[in-house]
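Can you build the whole structure from these sequences, using the hints too?
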Amino acid sequence: MTAKVRIENVQRNAAIFREVLEGKTLSATGREFGISGPAVRQLIGRMVHDIREHLDENEVPGPHSRGVKELRDSKAEWLVLLEAWIERHSRS
Numbered sequence: 000m001t002a003k004v005r006i007e008n009v010q011r012n013a014a015i016f017r018e019v020l021e022g023k024t025l026s027a028t029g030r031e032f033g034i035s036g037p038a039v040r041q042l043i044g045r046m047v048h049d050i051r052e053h054l055d056e057n058e059v060p061g062p063h064s065r066g067v068k069e070l071r072d073s074k075a076e077w078l079v080l081l082e083a084w085i086e087r088h089s090r091s
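Numbering-wise (numbering that gives the first Met the number 0), the sequence shown opens with residue 0 and increments by one.
Calculated from the structure, these hints are not laboratory results.
Among the hints, erroneous ones may be present.
As the list claims (entries may be wrong) - With a Cα cut of at most 30 Å, we get these calculated DSSO-like pairs of lysine-lysine:
1) LYS23 to LYS68
2) LYS3 to LYS74
3) LYS74 to LYS23
4) LYS23 to LYS3
Unchecked claim - Across the chosen pairs, the derived CB separations fall in these ranges:
5) ARG71 to ALA2: 30 to 40 Å
6) ARG90 to HIS48: 15 to 25 Å
7) GLU69 to THR1: 30 to 40 Å
8) VAL4 to GLU82: 14 to 24 Å
9) THR1 to GLY22: 31 to 41 Å
10) PHE32 to ALA83: 15 to 25 Å
11) SER73 to THR1: 32 to 42 Å
12) THR24 to THR1: 28 to 38 Å
All C-beta atoms in this analysis are idealised placements derived from N, C-alpha and C, irrespective of residue type, glycine included.
What follows is the structure, encoded as structure tokens:
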């Protein structure tokens, strides 16, 4: 995968994550990005897992559930973590 394609994928995945954090439904987000609602849920779960792998246990916002509601309840913290995730994956 070229660096350009990798960066495009990171940006797309981050945009999906942001849409969900902002309150858009999984199915509406999926339609916008050409994937299914369950695929959006799976992507969010993988991203949350990846973000948490790089954090100290005390840095993880909200409960340990990966449910969308729990993410939205800690939206501000997750947006900051998302920016760090983008930075890490854009340069690796």
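Taking the hints in turn, this is what the structure says about them:
1. Simply put, LYS23 and LYS68 have alpha-carbon atoms about 11 Å apart, close enough for the 30 Å limit, and the pair holds.
2. Simply put, LYS3 and LYS74 have alpha-carbon atoms about 28 Å apart, close enough for the 30 Å limit, and the pair holds.
3. Annotation: proposed proximity of LYS74 to LYS23 holds, straight-line Cα distance about 13 Å (limit 30 Å).
4. At most 30 Å may separate the alpha-carbon atoms for a hinted pair to count; LYS23 and LYS3 meet this at roughly 28 Å.
5. At roughly 32 Å, the beta carbons of ARG71 and ALA2 sit within the given window of 30 to 40 Å.
6. One distance hint, 15 to 25 Å for the beta-carbon pair ARG90 and HIS48, holds here, with the actual separation near 20 Å.
7. Remark: the range hint 30 to 40 Å for GLU69 to THR1 is upheld by a beta-carbon distance near 35 Å.
8. Between VAL4 and GLU82 the CB atoms are about 21 Å apart, so this pair conforms to the stated range of 14 to 24 Å.
9. Against the hinted window of 31 to 41 Å, the Cβ-Cβ separation of THR1 and GLY22 comes to about 34 Å, which satisfies the hint.
10. Distance hint check for PHE32 and ALA83: the Cβ-Cβ separation is about 22 Å, which falls inside the suggested range of 15 to 25 Å.
11. A hinted range of 32 to 42 Å for the beta carbons of SER73 and THR1 is consistent with their spacing of about 34 Å.
12. Our hint of 28 to 38 Å for THR24 and THR1 holds, since their Cβ atoms are close to 33 Å apart.
The earlier numbered hints are all upheld by this structure, with none contradicted.
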